[in-house]
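Novice: Each chain, written out:
There are 4 protein chains.
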Amino acid sequence: MTHKIAILGASGYTGAELVRLIAGHPNMEIVALSGERKAGMAYRDVFPHLRHLDLPDLVKIDEIDFANVDLAFCALPHATSQAVIRELPADLRIVDLSADFRLRDLDEYEKWYGKPHGAPHLQPEAVYGLTEFYREKIRAARLVAGTGCNAATGQYALRPLMTGGLIDLDDIVIDLKAAVSGAGRALKENLLHAELSEGYHPYAIGGTHRHLAEFDQEFSRVAGRPVRVQFTPHLIPANRGILVTVYVKGDAEKVHAALADAYKDEPFILTLPFGEAPSTRHIRGSNYCHIGVVADRIEGRTIIVAALDNLTKGSSGQALQNANLMLGEVETAGLMAAPVFP
Amino acid sequence: MTHKIAILGASGYTGAELVRLIAGHPNMEIVALSGERKAGMAYRDVFPHLRHLDLPDLVKIDEIDFANVDLAFCALPHATSQAVIRELPADLRIVDLSADFRLRDLDEYEKWYGKPHGAPHLQPEAVYGLTEFYREKIRAARLVAGTGCNAATGQYALRPLMTGGLIDLDDIVIDLKAAVSGAGRALKENLLHAELSEGYHPYAIGGTHRHLAEFDQEFSRVAGRPVRVQFTPHLIPANRGILVTVYVKGDAEKVHAALADAYKDEPFILTLPFGEAPSTRHIRGSNYCHIGVVADRIEGRTIIVAALDNLTKGSSGQALQNANLMLGEVETAGLMAAPVFP
Amino acid sequence: MTHKIAILGASGYTGAELVRLIAGHPNMEIVALSGERKAGMAYRDVFPHLRHLDLPDLVKIDEIDFANVDLAFCALPHATSQAVIRELPADLRIVDLSADFRLRDLDEYEKWYGKPHGAPHLQPEAVYGLTEFYREKIRAARLVAGTGCNAATGQYALRPLMTGGLIDLDDIVIDLKAAVSGAGRALKENLLHAELSEGYHPYAIGGTHRHLAEFDQEFSRVAGRPVRVQFTPHLIPANRGILVTVYVKGDAEKVHAALADAYKDEPFILTLPFGEAPSTRHIRGSNYCHIGVVADRIEGRTIIVAALDNLTKGSSGQALQNANLMLGEVETAGLMAAPVFP
Amino acid sequence: MTHKIAILGASGYTGAELVRLIAGHPNMEIVALSGERKAGMAYRDVFPHLRHLDLPDLVKIDEIDFANVDLAFCALPHATSQAVIRELPADLRIVDLSADFRLRDLDEYEKWYGKPHGAPHLQPEAVYGLTEFYREKIRAARLVAGTGCNAATGQYALRPLMTGGLIDLDDIVIDLKAAVSGAGRALKENLLHAELSEGYHPYAIGGTHRHLAEFDQEFSRVAGRPVRVQFTPHLIPANRGILVTVYVKGDAEKVHAALADAYKDEPFILTLPFGEAPSTRHIRGSNYCHIGVVADRIEGRTIIVAALDNLTKGSSGQALQNANLMLGEVETAGLMAAPVFP
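Protein chains in written order, with the working numbering: chain A, 249 to 590; chain B, 249 to 590; chain C, 249 to 590; chain D, 249 to 590.
Bound conformation, chain A alone (with noise of 0.2 Å):
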């Protein structure tokens, strides 16, 4: 059976990556593709290096005739998403990769993005995307919120030590280094070629970063108590990848197996052997991601590092596995590509 899919947002980075990996889907049919500004364009004028493929046209949002669908991805903008996700079918599946449903309480919904959440009563429906972490609800969801890339990539570091007393939760340091495609395709000066290449420098420093909202609530959840992370993104010279080096206090090789266990059975999430650090380059242009544990030279200090390509597994990668399980296809249906290396 062939699943009838929609990308709304299709002309974003994000959207072209979704199109990349259905691409290569047994059972998954593009259907239609929006673009509000570009609508009226072949799909090949926008991203050519699609253009082998036999895809629709991009069109409005409210071009598309929803009934056709099974299944909508929304790549919008943060904000664009409320408002139309309000206004589709109630029982469309929807997985929509922005920031809009990914915070269940309202007011730290407003606090980090500075206007009231515009589709509240839908708050309550959606699942919060790591795949991994929210398996059995994603599978049964009607709307799915995907991550941030940032909040997946120290999330899969940290998640499974947040409880057992393994480490002290009140001193967790994440220093992330970041790509430059999570910025999207936006025109800003700062993510110019002759402004970033040779360059690199933090952003957001000082606990400002909006992802810090899902830290939050998710290392909250699962501690059972608060749980506030330092967090320090910089931005990196590169066109694909996130990179964390989380700082913890706790015993190295106990870390260690605690992340092997937890991830043992993953097919994406990979635990390298005590002592390897990963690398963005390996995992590039794929859906996996590489952790490392390394005991640092003081004791009791414990450094971890993951690796995972922010517009995959941070993002069009994971919103194809959580539709996968929603339309109870394969998990890791189209999904499987290896890393591009070099």
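Please keep in mind that the hints were generated in silico from the structure rather than gathered at the bench. All of these numbers come straight from a predicted model, not from anything done at the bench. Treat the hints with care, as some may be off.
One copy or two, either will do: identical chains are not told apart, so a pair holds if it fits within one copy or between any two.
[As the list claims (entries may be wrong)] Keeping only pairs whose Cα atoms sit at most 27 Å apart, straight-line, the calculated DSS-like set for lysine-lysine is:
#	residue 1	residue 2
1	Lys502	Lys308
2	Lys286	Lys436
3	Lys497	Lys363
4	Lys308	Lys436
5	Lys436	Lys359
6	Lys363	Lys436
Go by the hints and put chains B, C and D onto chain A.
Specialist: Just chains B, C and D now, with coordinates in the frame of chain A:
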């Protein structure tokens, strides 16, 4: 039916690319990987981006039981291939990725490669591996010689123009821009990141690049008369991609029509609409080749631009496409993945 | 004696490059920096790499007291320059970096730039700023028109060959590879890091790039007959640098001798030994231009390669060199810094 | 008065950077350049970006007449420096860029570098070359030991905080991001463009990097008690630059005030306004170091970020600054060039 595959010289980039592609092939199983200097190592320690795959460890070639192999890819250094292949079973199907069997004329081989051919008795049965132009011979071949990656790109741009008086065969300039992975994983000063990043320059300038031997052989053969082109490659700070800008004298619309017609049924060679030019970013990591034709402002001058990924369509993807033909598989099996952008 | 300098349009890359160079000049003081949209900002907030310098804040042009200015650099957008300069004091020395005064023929200007010239009465006094070939006129000029960065590079490679029958003037191909800073700090999708990094492609292909107007004007003038060249620029994933590969018909040794002779006393134009080719990494950040000549394997075909930094020798360095001449300074003052490598 | 300068080990990146800087020094003349393996070569053939300079050819060290040398820079590999320097004239002024004389404690040297010190009798007179903190000793020194580039960056961020109870000395995390030129021109697989470009990863993780020996020595010395920091370097796909993100426990405003006060008269160390963070692109190619301090959202946690160019302020620029002091020159001579951006 699953074909048993050996990859000789699996510790270089083209070897790793073969593994990456074959991992997505429905009917191939890798049963042996060789690497003389790294024999004994787990493949994931040589190429950690493939650590999720269940692969045999690297061995020396003489440890492989070829009775258990249906087809061997040889991704060995130039000259080594001849020495290895002449010792392999005489009925073993082989796709060679080196330069060792590309030139039919043994004297030409010696002239360009500086030493006598090491397996002259095998040369007559070797089929030149430019799939689209040798398809039927490849289907029936035992030994296929993969083309040079630069030579493939130039031929895609020019080969259909060698007959019919479309262009002046005595005045062809191929200005080529190559990414660095084409130079392999060899330790050379000019391949260091600090040397290459942010800089670009010609190399093998003046008609000394060995891929000229292939241009000479193939263009002359097709044209039925000697053809000598100018060819200047440049090294560009990128990892994957070859772009040729070809300057010819002939009518642009006729040139476009000839190319579009030649490739109209090809799954991987896409002719762009007249007046558009391709970019390497749109074929990265894939087996696709994009070709564009533009008329110069000067009457009767035409520019042809072709782009492909040197590691995929330029070598390992071509090799797999040829292996599919030799084994009776669907020609495109394992090769349909879309380019990775950004 | 210290010359008082104003830089109009100081918020772009060429403006910042002027500030960088002038900071090392013994006899110049920057007294005004303009930036219409960023007026009021401290310069260090626009270009933090210059935060160690004591500079005036950005102002609007009409806030500048030009009675207190000895020379103004105009690094304004094309078309804006004409409108601004026609309102400046008629005796103010001006070095313009835009395209606005490069073309002597007003019809040619209108043809290539799509609108009538905005200051036709000033055009006759404008001197084309290719220093090495207009040195005496520049020394006496009030208004100097900086050349296009691509146009400068191509002219260094070819200009001395336009007379004496050295090459076939009807068969010249300039294949140019440009780094991205030449496109300026404008917000364009194709200049984003995620779009450009790891990819390269031609643009303005087919003879539509505006710098062709300069080639036509200058080459025809020197040759004493119409000369039309082919010119295809490519965008390369690097920040600084232009490399031209020029294909001509003529004797390589004679071509080399003519270039070596033309530049033998020039401080910034270095002719490499016969058979060597330059690289952009070897001129980065400097005012030097390296030129090499190589004989093709085909008798009578010659390849000329020239490399310079588009922001320095291609625009702001050239501008300062010209200003030195106009002000009676040592021509090389502020310009002798060695390239930055790696 | 012109000082006669020798550079031993001039064929590596720090040697070339010394030549580049000294070329702009008003009172220094390079009289000898050594390179054992490349002896006899013209310097322009080793570093073509310096081809415009009139320089002596490379020679072997024992060919140099040191009676004619006022000061020698030693840019030799670790361990080689000790063997060479012990044979040089006992009254020759030397600035060593290697690790060989950085550690006062011979046992510590042996522990971190794996072999006994090769010139223990010279170690007592060696002055640690962190200019801003050893200025008077350097002025009087005969032998100055350049610091590690990473060690310098971390110390600029932290050294003024080691006293006065400003931060918790037992809980310091230094997360460092280093560009690739710091690894030198050595032929290593992980330094190849194809390996490094588009990827980033930690190395020497867990407290094994040798620059930790310098942190231990210097921080403990200043604090008057043992201080052990956590230090994780990462390799970033860029050519120049080091950025440290330092996590400390202490009041952010007091930390900022202490740093601003410590560096208020320094020509090269710039403290940014409170709350701002630096970027490597803003110090590239220069001797400047930018430092920023930001308060974390968690009370009592502070983030310090420092950026410098590893080849300039991190090694060769520091070396020239120290040589200026030793020779009675203006400390900043040859070092005031602005960063190159973009």
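Novice: Against each hint, give a clear statement of whether it holds in the structure.
Specialist: How the hints compare with the structure:
| no. | hint | result |
| --- | --- | --- |
| 1 | Lys502 to Lys308 | neither (52 Å within a copy, 38 Å between copies) |
| 2 | Lys286 to Lys436 | both (19 Å within a copy, 16 Å between copies) |
| 3 | Lys497 to Lys363 | neither (37 Å within a copy, 33 Å between copies) |
| 4 | Lys308 to Lys436 | both (25 Å within a copy, 24 Å between copies) |
| 5 | Lys436 to Lys359 | within (25 Å within a copy, 33 Å between copies) |
| 6 | Lys363 to Lys436 | within (23 Å within a copy, 29 Å between copies) |
Figure legend: structure checked against the earlier numbered hints; hints not met, in rising order: 1 and 3.
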